[in-house]
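Student: With our numbering as the guide, the letters of the sequence shown map in order to residues 3 to 305.
FYI, nobody ran anything at the bench for these hints, they're computed from the structure. Treat the hints with care, since some could be wrong.
[What the hints assert, rightly or not] Distance condition first, Cα-Cα at most 30 Å in a straight line; then the derived DSS-like pairs of lysine-lysine:
1) K35 / K5
2) K159 / K26
3) K26 / K5
4) K148 / K5
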Amino acid sequence: MKKRIAVVGAGPGGLAAAMLLASKGFEVDVYEKNDTVGGRNAAIEMEGFRFDVGPTFLSMIHIVDELFEAAGRNMHDYMDLVELPEMYQLTFDGGHTLDMTRDREEMKRRIEAAYPGNSEGYDQFLYESSKKLSALTPILQSRMDKFIHYMRPSVIKALPELELGKTLYDVLSRYFNHEELKLAFTFQSKYLGMSPWECPGAFSILSYMEHAYGIYHPIGGVNQLSHSMAKVVEEYGGRIHLGQGVKKFKLDGKKVTGLLLENGEQVDVDEVVVNGDFGHVMTNLVDEGTLKKYSPENLENNY
């Protein structure tokens with residue numbers, strides 16, 4: 003008998019999990035409180051126009067490609083992707099601009115024309131950031147929820163690449179001497195809600211990812227990624243229940259055995275995957291006092 007698995011939340015993470023599980027033969031049901039899939043990667047339509055409510059571009063699309071391959075599908079059968087030859091245009095005080103491209107030689111030419119003597123720093127930035135990303139990737143793709151996990155050889159090997167004690171601005175100052183160039187390669191810290199002067203130096207990989215792998219736009223918007231994964235889920239027999247939010251988890255001890263939906267329906271399952279904000283889930287979907295480690299005070303202070 004197939005295991006029945008419920009996925010709470012039809013954001014990209016929930017849909018990715020549902021797609022992989024459905025492709026492996028599990029009985030999958032996705033419960034989403036909104037009337038469309040996507041979560042923070044959804045879209046709204048107004049007066050005939052569609053707007054992404056979250057990300058507006060994709061980078062490192064090989065990761066998406068690998069995800070679809072793991073589910074037995076070809077990403078390009080579901081989405082049309084266009085690489086942007088000009089990734090974006092930066093406008094500085096005074097109104098002058100710098101157009102960013104991942105064409106390495108062209109980017110060096112533009113840097114040298116606007117900021118003489120800095121083009122060699124671009125080569126150094128790409129070389130050192132490539133090493134950093136290679137060292138950090140095994141960590142980023144591994145569980146790190148126990149202290150012992152930080153003792154793994156891959157983590158110890160990556161320590162020099164973490165730029166401990168250095169900010170993102172410090173790291174980019176190693177490659178460029180002009181203030182505008184430093185900002186051109188550190189503004190990506192805003193993706194993390196930080197400034198370059200407080201963001202850890204390890205995150206120089208963010209701007210490197212753009213320059214090494216390019217920026218892509220799915221025709222129809224980045225929301226098409228969520229719709230594509232949802233389609234794969236349904237092709238494998240999975241079910242996506244829109245407008246059906248989860249009110250509470252049913253627990254047997256510390257194991258979730260089912261869901262109580264907002265409409266009063268009760269669903270029994272073997273396993274649950276949650277794609278949602280941890281603090282919100284533990285505060286609202288689990289009865290207070292059930293998990294002592296995650297008291298309201300603990301959640302408020304740490305999550």
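Student: Hints first: check each against the structure and report whether it holds.
Tutor: Hints, one by one, checked against the model:
1. K35 / K5: Status holds; Cα separation ~23 Å.
2. K159 / K26: Outside the cut-off at roughly 34 Å; violated.
3. K26 / K5: holds (11 Å)
4. K148 / K5: OK: K148 and K5 at ~28 Å, within 30 Å.
Hint compliance for this structure: hint 2 is the single one not met.
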